[in-house]
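All chains, please: the whole structure from these sequences, using the hints.
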Amino acid sequence: MQIGIFTVGDVTTDPTTGQTPSEHERIKATVAIAKKAEEIGLDVFATGEHHNPPFIASNPTATLAYIGAQTENIILSTATTLITTTDPVLIAEDYAKLQHLTDGRVDLMMGRGNTGPVYPWFGKDIRQGINLAIENYALLRRLWTEANVDWEGRFRTPLQGYTSTPRPLDGVAPFVWHGSIRSPEIAEQAAYYGDGFFHNHIFWPASHTEQMVRLYRERFEHYGHGTAEQAIVGLGGQFFMRKNSQDAVREFRPYFDNAPVYGHGPSLEDFTEHTPLTVGSPQQVLERTLSFREYAGHYQRQLFLVDHAGLPLKTVLEQLDLLGEILPAMRAGFAEGRPDTVPDAPTHASLVAAAGGAQDVSVHAEDTMTGTTDRAEETEEVQA
Amino acid sequence: MTTKIVVVSAGLSVPSSTKLLADKLGEAVERAVGARGQEVEVQHVELRPLAHALADHLLTGFATGELAQSIDAVRHADGLVVVTPVFSASYSGLFKTFFDVLDNGMLDGVPVVIAATAGTARHSLVLDHALRPLFAYLRAVVVPTGVFAASEDFGAATGGTDDGALDKRVERAAGELAALLGAGSATAPAARRRSVAAGFAAPTPFEQLLREAGGSSVR
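As given, the protein sequences belong to chains B and C, one line each in that order. Take the first sequence: its letter number 363 is residue 363 in UniProt numbering, and every next letter is one higher. Take the second sequence: its letter number 71 is residue 71 in UniProt numbering, and every next letter is one higher.
No lab work stands behind these hints, which were simulated from the structure alone. No residue lacks a Cβ here, since even glycine has one placed at the ideal position from N, Cα and C. You may find that some hints are simply not true.
[What the hints assert, rightly or not] Incomplete in silico selection of chain B near chain C, CB under 8 Å:
#1 I134
#2 E135
#3 A138
#4 R182
#5 Q189
#6 Y192
#7 Q211
#8 L215
#9 R219
#10 P266
#11 H274
What follows is the structure in structure tokens.
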């Protein structure tokens, strides 16, 4: 079981002080949070991608590479990568590069994005969201698995004899998750490829999550990747905890009441009842988190949102310390009753092992200055 | 099979003339559908108690409790009667909010009676300038007769041959709705856009999604 955190990188005014961090402060805070996540023993840090204020989540690969340079073990992921509006050729290059820099501590979560104007800003049509996600991802996979790609599609300029560089580390593409709230096409896509499926979960009633995860599991089995219970599922989660649950409610309420997504709407009590948000003691957070399995089944990745709605860095780091304290119990809880047949989420190491070991798949082109080439030699061998 | 009618009304005061008109229409539809030998069940959805849940839905994107049940009732309705008070020359915000949060396609091909109330008959064109376009956008089938009731209509004589009397208009609208429900063709499921539930019940196979994406990227 992988346990981690994900951030959307919002720059939000702290409603209790009226102070708004600068972009610089927020960017540096994100790095501090990621390093703290590694320190307390979390498995995953994931960042979202946004191209508009009030977010600092553009250019996720720079952020992840910088964090990767200052950490040793934590897996760096996205939540989500905009597969609709980002050129899949750039995604292929950027994340393969990140694999090399971080020695394979990389995976991705694909999403369509929910900010309408982003599509036209990047020259796309939001009504083609699903089609963009499908075509772009199909191309992305080919760019990672095939060294020489001829491709023609509907949404980007054709490619002839294109080689995406660098090639994926050890000849193995990063593992990919697909995120969606309630588009069955995306569950279908994840199942078809045997990729992971991640449900954001946190702003939605359990019924949405249950419906999507069930469909993904059924279709995962349909496409022959294993049984439904072996499908690779990830869920979001959201908590605020203090030793004393009343303190947690009192401290978090102003942040909840003014939060960018659900603020000024339902009460904290209503929202915690209807969504996975848990505000209370560490024990309550532990129990609630372990209850997600009741409708999602045994799953592979749990990511928490801890740094939004204007919570100051100090508070976020305290939340992570508290999470660190219950982490062993959470891991033990997730292991309880988990059948041996339920796999862990794939990692770079497991994917390399499954591929029969690491391969150097570097592509060497002819050097037109010196006339030397590695490729000619290989070709002769093939002919001989 | 029982014909299900849902009467949606957005009156705010108690008692409310909007609810009064909604009741009249509900009873008239029940009689008119029953007269054609069909079993009929009329359910009322009043929006006033759902006001907070509707505001929450706007912000969170999902329905809870009674609002979720009411939306479900509309989803399974064979026909609708919708009644709003006139606010600032149109339907009320509360009324509109309810129809704003329905899933796309939920009212495709559904027969609807539109009705409104106001203090004065000078607002009567709201039916044709505001409600009819709204339900045309939602691809509902609006019956020709809209029912508008000004305060004075509730005190007008009912009997006689006055074709403009409120009760006459209520009966005529109810009869038109019953005729549409009996015809059946207008509500043929094929006419409806694919619902979210249908997408989950019978997902489109991925090979088809790939083809529909339109590229030759398929290998």
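Here is how each hint holds up against the structure:
no.: 1; hint: I134; result: holds, 4 Å
no.: 2; hint: E135; result: holds, 4 Å
no.: 3; hint: A138; result: holds, 4 Å
no.: 4; hint: R182; result: holds, 6 Å
no.: 5; hint: Q189; result: holds, 6 Å
no.: 6; hint: Y192; result: holds, 4 Å
no.: 7; hint: Q211; result: holds, 6 Å
no.: 8; hint: L215; result: holds, 6 Å
no.: 9; hint: R219; result: holds, 6 Å
no.: 10; hint: P266; result: holds, 4 Å
no.: 11; hint: H274; result: holds, 5 Å
Against the hints set out earlier in the document, no violation occurs for any number.
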